[in-house]
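Residue numbers (the working numbering), protein chains in the order written: chain A, 1 to 116; chain B, 1 to 115.
FYI, nobody ran anything at the bench for these hints, they're computed from the structure. Treat each hint with caution, since some may be false.
Unchecked claim - Ranges between beta-carbon positions, derived for each pair: (1) A:N52 with B:Q83: 36 to 46 Å; (2) A:F54 with B:R81: 45 to 55 Å; (3) B:P70 with A:V84: 35 to 45 Å; (4) B:A38 with A:R28: 25 to 35 Å; (5) A:T31 with B:E52: 24 to 34 Å; (6) B:F66 with A:S42: 26 to 36 Å; (7) A:Q83 with B:E68: 35 to 45 Å; (8) A:Q69 with B:A20: 43 to 53 Å; (9) B:G72 with A:I11: 36 to 46 Å; (10) A:A81 with B:E68: 44 to 54 Å; (11) A:N52 with B:Q41: 23 to 33 Å.
Glycine residues also receive a C-beta, built at the ideal position from the N, C-alpha and C atoms.
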Amino acid sequence: AQKVTQAQTEISVVEKEDVTLDCVYETRDTTYYLFWYKQPPSGELVFLIRRNSFDEQNEISGRYSWNFQKSTSSFNFTITASQVVDSAVYFCALSEAEDSNYQLIWGAGTKLIIKP
Amino acid sequence: GAGVSQSPRYKVAKRGQDVALRCDPISGHVSLFWYQQALGQGPEFLTYFQNEAQLDKSGLPSDRFFAERPEGSVSTLKIQRTQQEDSAVYLCASSLVGLRTYEQYFGPGTRLTVT
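One chain only, chain A, in its complex shape (with noise of 0.2 Å):
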C-alpha cells in the first residue's frame, strides 16, 4: 500500500539553527514522484520540489536542501540557516506513475515553529 509518514509532529527550534524534517515512504511501484510542500500561516500550500524515483542526485536550492535515498526509502528536507520566515507546516507527498488514480498520497505533515 501507499504511505507517507512524517514522523515528527512538530519541531521547534532557535533561528539560525539548521533542522531536517523526515519523510518515509512506501510505493511498490518503480516509477513514482516524490513532493515537498509548505503551508505558512496563511494556508496557502506552496509547491517546492518534484523529484522522480530515478533521479537520486540531492538537490539544494538556497538554504533549502533535499536528500533523496531510495535505498531507506526516504526524502528528507534540510532547511539551513533556518529563519522566522520559514516556520510553517511541512507536506510530503507521493505519486505513483503507474496508479490509475489521480491522488497524490500526502503525510500528515511537520509543524515546524522558528524562534527568533
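Given the coordinates of chain A, work out where chain B should sit on it, guided by the hints.
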C-alpha cells in the same frame, strides 16, 4: 491573475444550507483538483478534472458533494444540505498537464464553517 484563486475565502453556512465554492485555476492548466483539509491535517483528495472531464471523484465523501468544470477552466464544488462535519478548508489546485505526477499549484482555500 497569475495564481489559482478561490472564492469566497470564508463561508459560514447554517446546517442544511447549500453552498457553492468557486475555483479559478491558472490559465491553460489542464488538471484541476479539489481537496478538503481539516484543521491540523493534510489535504484529503476529493476529485480530479482533466479539462472538463471529471476523471476521478472517488474522494467525494457523500452524494451531497458535487463538482463541475463545464468549460474546462473554472470549477465549482457544491455541497448540498451542509452538515457540521463538512466544516473544513476546501483547497483547489491546478496543474499544467494531465498527469498527477506534475506539481500542483494551490489556491488560498475556502474556509467553510457550518453552524
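Here's how the hints hold up against the structure:
The hint said 36 to 46 Å for the Cβ distance between A:N52 and B:Q83, and at roughly 40 Å that hint holds. The beta-carbon spacing between A:F54 and B:R81, approximately 47 Å, falls within the hinted interval of 45 to 55 Å. Range check, B:P70 to A:V84: Cβ separation about 44 Å, and the 35 to 45 Å hint holds. Distance hint check for B:A38 and A:R28: the Cβ-Cβ separation is about 28 Å, which falls inside the suggested range of 25 to 35 Å.
Distance hint for A:T31 and B:E52: a CB-CB separation of about 28 Å, consistent with the stated range 24 to 34 Å. For B:F66 paired with A:S42, a C-beta distance near 28 Å keeps the hint of 26 to 36 Å intact. For A:Q83 and B:E68, the hinted distance range of 35 to 45 Å is satisfied, since their beta carbons lie about 42 Å from each other. Between A:Q69 and B:A20 the beta carbons are some 45 Å apart, a value that agrees with the proposed interval 43 to 53 Å.
At roughly 41 Å, the beta carbons of B:G72 and A:I11 sit within the given window of 36 to 46 Å. Distance hint check for A:A81 and B:E68: the Cβ-Cβ separation is about 47 Å, which falls inside the suggested range of 44 to 54 Å. Take A:N52 and B:Q41: their Cβ atoms lie about 27 Å apart, and the range 23 to 33 Å holds.
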